[in-house]
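Colleague: Sequence:
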Amino acid sequence: MATVVGLAVLASGCAASIDPDALPGRYRDETGGEVRLEPDGTFSVTAVSTNDSSGPADFSGTWEFHDSDMTTDFVYLSVEDGGLGRIAGIQLYTEDQETVYFRHDVDGPPTTVLHKVDTP
Numbered sequence: 112m113a114t115v116v117g118l119a120v121l122a123s124g125c126a127a128s129i130d131p132d133a134l135p136g137r138y139r140d141e142t143g144g145e146v147r148l149e150p151d152g153t154f155s156v157t158a159v160s161t162n163d164s165s166g167p168a169d170f171s172g173t174w175e176f177h178d179s180d181m182t183t184d185f186v187y188l189s190v191e192d193g194g195l196g197r198i199a200g201i202q203l204y205t206e207d208q209e210t211v212y213f214r215h216d217v218d219g220p221p222t223t224v225l226h227k228v229d230t231p
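For what it's worth, the numbering used here labels the leading residue of the sequence shown as 112, then goes sequentially.
Hints are all accurate, no fakes.
Here are the simulated lysine to any residue pairs, SDA-like style, with alpha carbons at most 25 Å apart:
#1 227 to 183
#2 227 to 214
#3 227 to 184
#4 227 to 129
#5 227 to 206
#6 227 to 149
#7 227 to 173
#8 227 to 150
#9 227 to 170
#10 227 to 165
#11 227 to 189
#12 227 to 153
#13 227 to 141
#14 227 to 208
#15 227 to 178
#16 227 to 172
#17 227 to 160
#18 227 to 130
#19 227 to 168
#20 227 to 145
#21 227 to 128
#22 227 to 136
#23 227 to 190
#24 227 to 142
#25 227 to 177
#26 227 to 216
#27 227 to 191
#28 227 to 162
Pair by pair, the computed Cβ-Cβ distance ranges are:
#29 208 to 166: 27 to 33 Å
#30 219 to 198: 15 to 21 Å
#31 187 to 216: 17 to 23 Å
#32 162 to 130: 26 to 32 Å
It should be emphasised that the hints constitute simulated quantities derived from the structure, not laboratory data. Positions of the beta carbon are idealized from the N, C-alpha and C atoms, including for glycine.
Produce the complete structure using the sequences and hints provided.
Modeller: Structure representation (structure tokens):
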């Protein structure tokens, strides 16, 4: 049993680390919704649903990567303009360099998953 626990600890320490410099780009979900993270720290979101109870929204602002040793790494989107109402910011979680997602419920599964696409 101690060997299994030891292997689990070692495996968790080998998780892929996110390079914030590689995050800028376009990410799309299965419905065509898009998140654009620009190298200058700005972002735009088009036709993306961030939770199960709202429809797709468009919003924009600035982004900042948060590397966390205790929780999942995430990109904090500071919303400055758009269709999220009074929300000032939202977390966009990073699974790896190619996949980001919104999660409405901290204990639940991802609400919307987006994958990096090539820029035209």
